Amino acid sequence: NAGVTQTPKFQVLKTGQSMTLQCAQDMNHEYMSWYRQDPGMGLRLIHYSVGAGITDQGEVPNGYNVSRSTTEDFPLRLLSAAPSQTSVYFCASSYSMDTQYFGPGTRLTVL
Amino acid sequence: DAKTTQPPSMDCAEGRAANLPCNHSTISGNEYVYWYRQIHSQGPQYIIHGLKNNETNEMASLIITEDRKSSTLILPHATLRDTAVYYCIVYSIQGAQKLVFGQGTRLTINP
Numbered sequence: 367n368a369g370v371t372q373t374p375k376f377q378v379l380k381t382g383q384s385m386t387l388q389c390a391q392d393m394n395h396e397y398m399s400w401y402r403q404d405p406g407m408g409l410r411l412i413h414y415s416v417g418a419g420i421t422d423q424g425e426v427p428n429g430y431n432v433s434r435s436t437t438e439d440f441p442l443r444l445l446s447a448a449p450s451q452t453s454v455y456f457c458a459s460s461y462s463m464d465t466q467y468f469g470p471g472t473r474l475t476v477l
Numbered sequence: 058d059a060k061t062t063q064p065p066s067m068d069c070a071e072g073r074a075a076n077l078p079c080n081h082s083t084i085s086g087n088e089y090v091y092w093y094r095q096i097h098s099q100g101p102q103y104i105i106h107g108l109k110n111n112e113t114n115e116m117a118s119l120i121i122t123e124d125r126k127s128s129t130l131i132l133p134h135a136t137l138r139d140t141a142v143y144y145c146i147v148y149s150i151q152g153a154q155k156l157v158f159g160q161g162t163r164l165t166i167n168p
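These protein sequence lines map, in sequence, to chains A and B. Residue 367 is where the first sequence starts when you use this note's numbering, and the numbers rise one by one after that. Residue 58 is where the second sequence starts when you use this note's numbering, and the numbers rise one by one after that.
If we strip away everything but chain A, and leave its shape as in the complex, we get (with noise of 0.2 Å):
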């Protein structure tokens, strides 16, 4: 099992510009799920799905968007970047939503 992979590892965007952040895991998990991670700070919840068809919003979900069309793959969406999107992305999958396994992360920088 390769488990949860992320692509790209590292992304520089210029304002405005949008991009999507890939997402997948190969356990068969219903739910998966976006954080973002800014310096010094805990992980804090993007938007999440409880299985394919079903997306829903966590803490910080203004300026992206999530669809779910298969049991695999949860990509999310920067619509126009901007500075304050400067982040580490991470994707997490698992069967419930309390024990989840991570992915390796996105390095996402804004300029």
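Worth flagging that the hints you see were computed from the coordinates, not collected in a lab. All values reported here derive from a predicted model rather than from experimental measurement. Mixed in with the good hints there might be a few duds.
Have a look at the derived ranges for each label pair, beta carbon to beta carbon [to be verified]:
hint : chain 1 : residue 1 : chain 2 : residue 2 : range
1    : A       : Met-393   : B       : Pro-65    : 31 to 37 Å
2    : B       : His-134   : A       : Met-393   : 28 to 34 Å
3    : B       : Arg-73    : A       : Thr-386   : 44 to 50 Å
4    : B       : Ser-85    : A       : Asn-394   : 28 to 34 Å
5    : B       : Met-116   : A       : Gly-382   : 42 to 48 Å
Just some of the chain B residues that point at chain A, by a computed CB distance under 8 Å [claimed, not checked]:
hint : residue
6    : His-97
7    : Gln-99
8    : Gly-100
9    : Leu-156
10   : Gly-159
Note that CB positions come from ideal geometry on N, CA and C, so glycine has one too.
Position chain B relative to chain A; hints supplied.
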């Protein structure tokens, strides 16, 4: 969501037991205590969880007080690789079904 309080940092000598405290005085009867850790630059890693009884696995032990208002994570023989930020999280499967990460405790294992 019930909140947790952890010391911001702790030190422990290599080979000794590391005891990480967590206060969760407003925990309710159906809420579990979860512990995750995050080694520098990596995604968080699940360690252990419990409801009322003490729990042990290959990574750590979890001691929950009888009134459930506090708990202690014990790493029995700390190694340098245990240096990480440790998060104590209170979670209810009946609630919003999302983990809320606080600031955690930065544990440094010294040689």
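To see whether the hints hold, each was checked on the structure:
no.: 1; hint: Met-393(A) with Pro-65(B): 31 to 37 Å; in the structure: holds, 34 Å
no.: 2; hint: His-134(B) with Met-393(A): 28 to 34 Å; in the structure: holds, 30 Å
no.: 3; hint: Arg-73(B) with Thr-386(A): 44 to 50 Å; in the structure: holds, 46 Å
no.: 4; hint: Ser-85(B) with Asn-394(A): 28 to 34 Å; in the structure: holds, 32 Å
no.: 5; hint: Met-116(B) with Gly-382(A): 42 to 48 Å; in the structure: holds, 44 Å
no.: 6; hint: His-97; in the structure: violated, 11 Å
no.: 7; hint: Gln-99; in the structure: holds, 7 Å
no.: 8; hint: Gly-100; in the structure: holds, 3 Å
no.: 9; hint: Leu-156; in the structure: holds, 6 Å
no.: 10; hint: Gly-159; in the structure: holds, 5 Å
Hint check: a violation occurs at hint 6 only; the rest are consistent with the structure.
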